[in-house]
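Asker: The residues making up each chain are set out below.
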Amino acid sequence: MKHSFIDQYSDRDSFIHQLDPRTKFITTLLFILAVVLTPPNRWLVFALYLFIIAVLILLSTVPIRYVLKRSLVIMPFVVLIAIFIPFFKEGEVAGSYNIWLWEVTVTYSGLQVLANIVIKAWLSILSLILLTSTTKMTNLLKGLEQLRMPRVMVMILSFMYRYIFVLVDEVMRMRQARDSRNFGGKRLWQLRTIGNMLGTLFIRSYERGERVYAAMVARGFNGQTRTLNRLNFTPADAYFGVGFSLILILSSVFNLLY
Amino acid sequence: MEEIISIDNLSFCYPDGQQALTNVCLTMRQGETVALIGPNGAGKSTLLLHLNGILRSNGVVKIFGRQVDDGNLRWVRSRVGLVFQNPDDQLFSPTVFDDVAFGPINVGYSEAEVRESVTRALDWVGMAGYEQRSPHHLSVGEKKRIAIATVLSMSPEILVIDEPTSNLDPRSKWSLSGLLERLPMTKIVATHDLELVRALCPRTIVLDHGQVITDGATSQILTNISLLAAHGLAPTETS
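Taken in order, these protein sequences are the chains called A and B.
This note's numbering numbers the first residue of the first sequence as 4 and each following residue consecutively.
This note's numbering numbers the first residue of the second sequence as 143 and each following residue consecutively.
No lab work stands behind these hints, which were simulated from the structure alone.
Be careful, since some hints might not be right.
Claimed, not checked - Covered stretches of chain A, as calculated for chain B (at least 3 residues, CB under 8 Å): (1) 136 to 146; (2) 197 to 204; (3) 208 to 218.
Using N, Cα and C, we set each Cβ at its ideal position, and we do this for glycine too.
Modelling step: build the complete structure from the supplied sequences, incorporating the hints.
Answerer: Structure, rendered in structure tokens:
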């Protein structure tokens, strides 16, 4: 079965795509760091960051609709964590509502904190989407490895990327098999079935893990991972890295003066 | 001819108490192509796992006259290439290149040697040009070929394959069979695809309940219908 890749648009050919994965990874981290460390309510600075990321997305030729849609998928998690802040933060009351027995008040400062969290998260997510959709997963993993990320972590990520599709296939086949046998009935019964499916999936993955390990051992694996290094920095990496860092430094200075 | 595999009285019991192999004795000579047939659960895969030391019992498996033990596992695994039944287990890397290069890199080849062996292995299985593809998005037939390439890249002298034709359509099956026929090394093929056995292997071993039932010329064993029926390899007379 076919799935949308995590790195769906990574085989395009733009300036951003051609950069070394390590350059992209480090600048993305710097960008996120800069966004997160921006003091609250610096709307102009946020706008500047949004402008930077928008320019980069345009340069990368990744469809904007795709980037926006992707970024929305992750928003519920952020909102779920941050949604209660306006109700608990003390300050000037923006509105109060009676819900049955509770009196709920929303404060302006709380709303501001919420807005800041949402914007920072959104900017960070946009930059990560740009990173993953302009870099092939395999190259990104190679880059991480050359940046001295622990090998075990790189291997875990690489197995995740390899087997997530296999697992999704397995879930889809299980669902088809379940639905072909007229799945329905009481809610409790349905929950039990889903619980069983999850258990089965876990056991299958566990056993697959053992088989994969046997296949690795059969080819001489002894706990150490070795790879061939194939990445090379180009002058473009230097220009981009230096240029991007300069922009971030400027925006931080702007931040201080503002 | 030189005896390259000899198994003497091999018994194996899984940790849960299930007796998988009982007193198995086998010898194989250089250049042979042997079929290992038997019903589901006969112990075929367990026997194959002993051939390169993934499972070890009591040191009764000898490869090129040397006992398989902790000290020579690396050597054994570079000479005996084991291809697993499910290519999704065999192919665990993000790209085909990484997967085919995995063995050679572990064995300690230099970068140039690794590249050369990958190219040669992929050429051998007719999959040149697939280096940067992701294994998940290949067809089953392509995956099977790549899985074979992942052990060919280590230039093994013995090729052990578990169910090479399961899940393949007839066209892919026969092209895979032709591919196996062209490979010069000693081959052991575990299967219950009797058409494949007839086409590929002059010698057949029947395994059932963890025991060697018979070992002989394929032409004789595959015509012995009552023997095949008794071990779940042909329809029984009443049906």
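Asker: Given that the region 208 to 218 of chain A was listed as covered by chain B, double-check it with a C-beta distance under 8 Å for 3 or more residues.
Answerer: holds (count 5)
Asker: Check whether three or more residues of the region 136 to 146 of chain A sit with their beta carbon closer than 8 Å to a beta carbon of chain B.
Answerer: With 3 residues close enough to chain B, the hint holds.
Asker: Test coverage of the region 197 to 204 of chain A by chain B using CB-CB distances below 8 Å; three residues minimum.
Answerer: violated (count 0)
The structure fails to meet hint 2 from the earlier list, while all remaining hints are met.
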